[in-house]
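Could you build the full structure based on these sequences and the hints that come with them?
Protein chains: 2
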Amino acid sequence: MPENEINVDEINEVLIKRAIAFPAAEIYGGIAGIFDFGPIGTLIRQKVKELWRNMFIWAEENVFEIEGGLLLPEPVFKASGHLDTFHDPLVQCEKCKSMFRADHLVEDTTGERADSLALEELWGKIIEQEIKCPKCKGSLTEPRQFNLMFETEVGATGGKKAYLRPETAQNIFLDFRRVSHAMRATLPFGIAQIGRSFRNEIAPRNYLVRMREFTQMEIEMFVHPEQINNHPYFYMIEDQPIRLITRKMQAEQEKEPLEITAGEAVKQGLIPNQFMAYYIAKEAQFVEELGIPRDNYWFRELLEEETAHYSAANFDLEIQTPMGVIECIGNAYRQDYDLSKHSKHSKTKLTIQYENKPVVPHVIEPSFGLDRIFYILMLVTYQAGDRKWSWFKLPPYLAPYHVKVCPLQKKDGLPEVARELFEELREELDAIYDQTGSIGKRYARADEIGIPFSVTIDYETLENETVTIRDRDSTEQIRVHVDDLFEVLHLLINADATWEEIKGSFAVESSKKSKGKRK
Amino acid sequence: MPENEINVDEINEVLIKRAIAFPAAEIYGGIAGIFDFGPIGTLIRQKVKELWRNMFIWAEENVFEIEGGLLLPEPVFKASGHLDTFHDPLVQCEKCKSMFRADHLVEDTTGERADSLALEELWGKIIEQEIKCPKCKGSLTEPRQFNLMFETEVGATGGKKAYLRPETAQNIFLDFRRVSHAMRATLPFGIAQIGRSFRNEIAPRNYLVRMREFTQMEIEMFVHPEQINNHPYFYMIEDQPIRLITRKMQAEQEKEPLEITAGEAVKQGLIPNQFMAYYIAKEAQFVEELGIPRDNYWFRELLEEETAHYSAANFDLEIQTPMGVIECIGNAYRQDYDLSKHSKHSKTKLTIQYENKPVVPHVIEPSFGLDRIFYILMLVTYQAGDRKWSWFKLPPYLAPYHVKVCPLQKKDGLPEVARELFEELREELDAIYDQTGSIGKRYARADEIGIPFSVTIDYETLENETVTIRDRDSTEQIRVHVDDLFEVLHLLINADATWEEIKGSFAVESSKKSKGKRK
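Same order as they appear, the protein sequences are chains A and B.
Each residue of the first sequence is one higher than the last, beginning at 273 in the working numbering.
Each residue of the second sequence is one higher than the last, beginning at 273 in the working numbering.
Derived by calculation from the structure, the hints in this document are not laboratory data.
Small disclaimer: the values here were computed from a predicted structure and weren't measured.
All clues given are correct.
Any copy will do: because identical chains look the same in the list, a pair fits if it lies in one copy or spans two.
BS3-like cross-link-like pairs, simulated, lysine-lysine; straight-line CA separation at most 30 angstroms:
{"no.": "1", "residue 1": "K433", "residue 2": "K367"}
{"no.": "2", "residue 1": "K433", "residue 2": "K350"}
{"no.": "3", "residue 1": "K682", "residue 2": "K665"}
{"no.": "4", "residue 1": "K775", "residue 2": "K660"}
{"no.": "5", "residue 1": "K321", "residue 2": "K554"}
{"no.": "6", "residue 1": "K621", "residue 2": "K713"}
{"no.": "7", "residue 1": "K432", "residue 2": "K350"}
{"no.": "8", "residue 1": "K289", "residue 2": "K319"}
{"no.": "9", "residue 1": "K432", "residue 2": "K407"}
{"no.": "10", "residue 1": "K369", "residue 2": "K619"}
{"no.": "11", "residue 1": "K289", "residue 2": "K432"}
{"no.": "12", "residue 1": "K289", "residue 2": "K321"}
{"no.": "13", "residue 1": "K554", "residue 2": "K319"}
The structure is reproduced here in C-alpha cells:
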C-alpha cells in the first residue's frame with residue numbers, strides 16, 4: 273500500500289469550504305452523521321450515479337430500476353429480521369453520559385475483532401480489561417442492544433409504527449411480485465434502486481463513511497437456484513482481472529491480494545458462483561472508471577463471523593485511501609432468505625414461473641454506498657503542495673463541469689465571442705462560463721473543483737479562430753483551431769486520447785510573440 | 273373545461289397493474305399515502321426531472337442544485353415556524369375512532385372554504401351543523417391541532433429530537449451562506465433541490481395527490497429586494513402567454529382565466545413583480561412541454577386566507593384532469609422571512625454583499641410537486657375505449673422508452689438483424705427489444721406503457737434494408753430505409769416533425785404484395 277501523507281482533516285475542510293459536502297443544518301451546529309451536498313458535490317454525485325446506471329442498468333436488459341417509499345410499516349421489518357437483530361451493543365459512561373459502541377471500545381483496547389461477540393462476552397472483556405470511558409475515564413454501563421432503525425408514527429393519535437428503511441433492498445423484495453409480473457420478467461432478472469437509507473448509528477464517524485443518512489445504489493439479482501453458477505453473459509467478463517483476499521488468505525495473514533481472472537476464480541472455487549463473479553468483475557471495471565489505481569483496491573471475502581447466517585457468501589470491495597481502508601461495495605449471496613421470510617409473514621406467494629413451475633429465486637445482491645464512493649473519489653484525487661491551491665484530479669467524465677470557457681479580458685469583444693462559443697459547447701458538454709478576475713485565478717478556481725479543461729478566447733481568436741486549451745493536470749496550454757475544439761474536447765473528456773496525443777495531433781503554433789509565455 | 277368521462281379508479285388500477293405506481297409495502301396492506309414507483313414510473317419520472325433540470329437549472333447559469341439531509345434537528349423547525357404552526361385541525365369519532373380533518377368535514381357540509389377557520393370556529397360549525405362521523409354517524413371530538421411533521425429521535429437514549437423535512441426548501445435556507453460563498457454567487461441567484469419531503473397527513477387521499485411522502489423540485493431564488501421587479505432576462509419571456517385567475521376575478525366569480533402575456537401582467541399589476549412573472553411564464557412553457565392543452569391549466573392567485581402571513585404573493589398552477597383540478601406548482605414571494613428567522617435563531621449572519629453592502633435577499637420560490645405532475649401526466653394521457661387495450665399518449669420525449677425494436681418472427685435470421693439494429697439505436701435513444709409473442713401483442717404492450725414508436729425488422733429488411741415504423745397514436749405503419757431511421761426517429765421524438773410530415777418525406781413503398789395489409 274502506498275504511504276500517503278495527506279491529511280484527511282485538511283481534505284474534509286476543503287470539502288466544507290467549497291460547499292462540496294458539509295454538515296446538514298450547520299448553522300445550528302449540525303446533526304452528527306447527516307450531511308448536505310452542495311452544487312459541486314451534487315454534480316459529481318450525479319455523474320457517479322449516471323456511470324452506475326450506464327454500467328449496471330442500461331448495459332443490461334433485464335435490470336429494472338424502481339423508486340420506493342422510505343417510510344415502511346413495522347411488519348416489513350418484523351419479517352426482514354431488522355426489528356429483532358439490527359442492533360449494535362451500546363454502553364454509556366455513568367459519569368459523563370457519553371455513548372459508545374461496546375465492540376469498538378473492546379477492539380480499540382484488545383486489538384482483536386469484537387463485532388461478533390455477545391453482550392455478555394463484551395461485558396466480560398470490559399471488566400477483564402478494565403475499559404473506561406475514553407472521554408472522562410468514568411465507569412461504563414453493562415452493554416445493551418440498541419436498534420439502529422429510526423422509528424416514527426404514521427397517522428394521528430395511536431398511529432402505526434413505521435421505520436425509515438435501513439437499506440433500499442427491502443422495497444425491492446416487497447415489490448418483487450408486482451414488478452416481475454408487470455415487466456413479464458423471466459429468471460434471471462434484477463431490480464435496482466438508488467435512494468436514501470437511514471441508520472441511527474451510535475457513533476457516526478469518519479465523515480462520509482459512517483453516516484446516519486446515506487445513499488445506496490443496490491441491485492437484487494433474482495436467479496434460479498440451479499442457475500446461480502450459469503450467468504448467460506459470463507463470457508463477457510471472464511477475462512477481467514480481479515484482486516481477491518479470500519478467507520484462507522486472511523487466516524494465513526496473507527495481505528497481498530491474489531490477482532486472478534473472474535473466470536479462473538470461479539473455476540478454482542474462490543468465488544462461489546458465476547453470478548457473484550459477474551458482479552465482482554463489473555465492479556472492478558467500475559472502480560477503474562473511477563480512476564482508482566489497481567493496487568489500491570481488492571475484494572475481501574468476509575469471515576464467517578462477519579457474515580449473516582442467511583448469506584452464503586460475501587465479498588466486500590475495499591479501497592485504500594488517505595484515511596485508511598474504506599469498504600464501499602458489498603456483495604452478498606442472500607439465497608432465498610428475504611423472499612421466503614416476506615412470503616411467510618405477508619402470506620403472499622413470492623415465486624416466479626420457470627419452465628412452468630413456481631420457483632423461489634435466489635438473490636445475489638451488489639450494494640454500492642454512493643457517499644463512500646464519492647468520498648473515496650474526492651480523497652484519492654485530492655492534490656496539495658504542488659500549487660498554491662489544492663485541487664482535485666477527477667477523471668474528466670466525472671468532473672462537475674467538463675470545461676470552463678473564459679475570455680482573456682472583459683473587453684474588446686472577447687466576452688461576446690466567448691459567450692457564443694460557450695453557448696455552443698454547453699449544447700453537448702457540461703460547460704461553465706467565467707469572466708471574473710485574472711485568468712490565472714480563473715484557472716486556479718477551475719482546478720479547485722476539478723474542472724479538467726479551460727478554453728480561453730484571446731486576441732488571437734479574433735484574428736485566426738484559434739483558442740487555447742489549458743490542461744488541469746499538467747497546467748500546460750495548447751492552441752487549437754475552433755473547428756477542432758469539439759473533437760479535441762470529446763477525445764479528452766472520454767479519455768480516448770491523452771493530452772500528449774492531442775498536443776501532437778491538434779496543437780497549432782501561435783502567431784504571437786508571446787506564445788512562449790503561455791506555457 | 274372539457275367534460276371527461278374517464279374513470280379515475282380505472283386509471284389507478286392500470287397504474288398498479290403495470291407497476292407504474294402502487295402502494296408501498298403492498299403485500300403487507302400498504303401504508304396510506306406512501307407509494308412505490310415501478311420501472312416504467314421511474315423512467316417517466318426521470319424524464320420529467322431531466323426536463324425540469326434542463327429548463328430551470330441548466331438553461332440558467334446562476335441556479336445551483338444541492339442535495340440535502342432529510343432528517344433535520346428540532347431548532348430548524350422552531351425557527352421556520354413548522355413546529356408551532358404546521359398543523360391541521362383533527363377531529364376523531366368518539367365511537368369508531370376514525371380521524372378526519374375538521375376543515376374538510378365542515379367544507380363538505382357547508383360548501384364553503386374552512387381552511388382558515390380557527391379551532392373554535394370549526395367546533396362552532398360542527399355543533400351548529402350537527403356534523404357527525406361520515407363513517408358511523410358517531411359524535412366527533414372537539415378539534416385539536418395536529419402537527420404534520422414526522423418526529424424521530426437521533427442518537428441513543430435521550431437522543432436529539434429530529435423531524436423529516438416537510439419541504440426541501442429548508443435545506444436551501446440553511447445552506448444559503450455556505451453555498452453562496454463557495455460559488456461566489458452574486459444576486460440574483462438560485463439554489464435548487466430535488467428530493468423527498470414528508471407530511472403526516474391526517475387523511476391522505478386522491479392517490480398521488482395528497483401523499484405522506486412525496487418528491488419536490490424546488491428553487492429558492494435570492495434577489496435584492498430593490499431588484500425584485502427587475503429580472504435581467506425578463507425580455508426572454510415577456511411575450512409568453514399565460515392564463516391567470518386573479519383574486520379580483522375570484523371575488524367576481526369569474527371562472528374563465530384571463531389570457532395575457534407575462535410582460536403585460538406585470539405592467540397591469542396582476543403579477544407583483546418580474547421575478548415571479550418570469551417563473552410563471554417558464555412554468556407555462558414547462559406545462560406545454562408536458563403536453564397539457566392550454567385550455568386545461570391556469571395560474572390562480574391565492575386568496576388572502578390561503579396565503580401565509582410572510583408571503584407577499586402566491587400563484588398556484590392548477591390543471592384540469594379527469595380527477596378534478598390538481599394544484600401541482602406553487603409560487604410564493606416569501607420575502608426575507610426564512611433567512612431572517614434562521615439568522616435570528618441560529619445567530620448567524622445570513623446576508624450577501626451587494627455593491628459592498630450586506631443585504632438580506634428576498635426570495636421567490638417556485639415549488640414543483642413531482643408526484644402530482646407525474647400523476648397528471650398519466651391521467652391526461654390515458655386513453656381507453658378506442659382499442660382493446662388502454663394506453664398512454666405520452667409526449668415521445670417523456671415516454672419510458674422512445675422506441676421498441678421487434679423482429680417480425682423469431683427465426684430466419686430476423687432476431688439477429690433486429691438485435692444489431694437495437695444495439696445501434698440504444699446508443700442514442702432509449703430503446704427496448706421485444707421478440708416475445710405476436711407482433712400485434714408486442715405493439716399493444718408498447719402502447720400500454722406509452723412507447724411512441726415501434727420498429728419492426730421483417731423479411732423485406734433482409735432484401736432491401738427497409739424497416740417499418742409503427743406510430744402509437746395513429747397505429748399506422750410506414751416503411752423507411754434503415755439509413756433514414758435515426759433521422760426519422762430523432763425528428764419524431766423531439767417533436768420536430770409530425771407523423772404526417774414523416775410519411776410525406778421518408779416513407780418508401782413496400783416491394784411485397786402484402787403491403788396493403790400492413791396498415
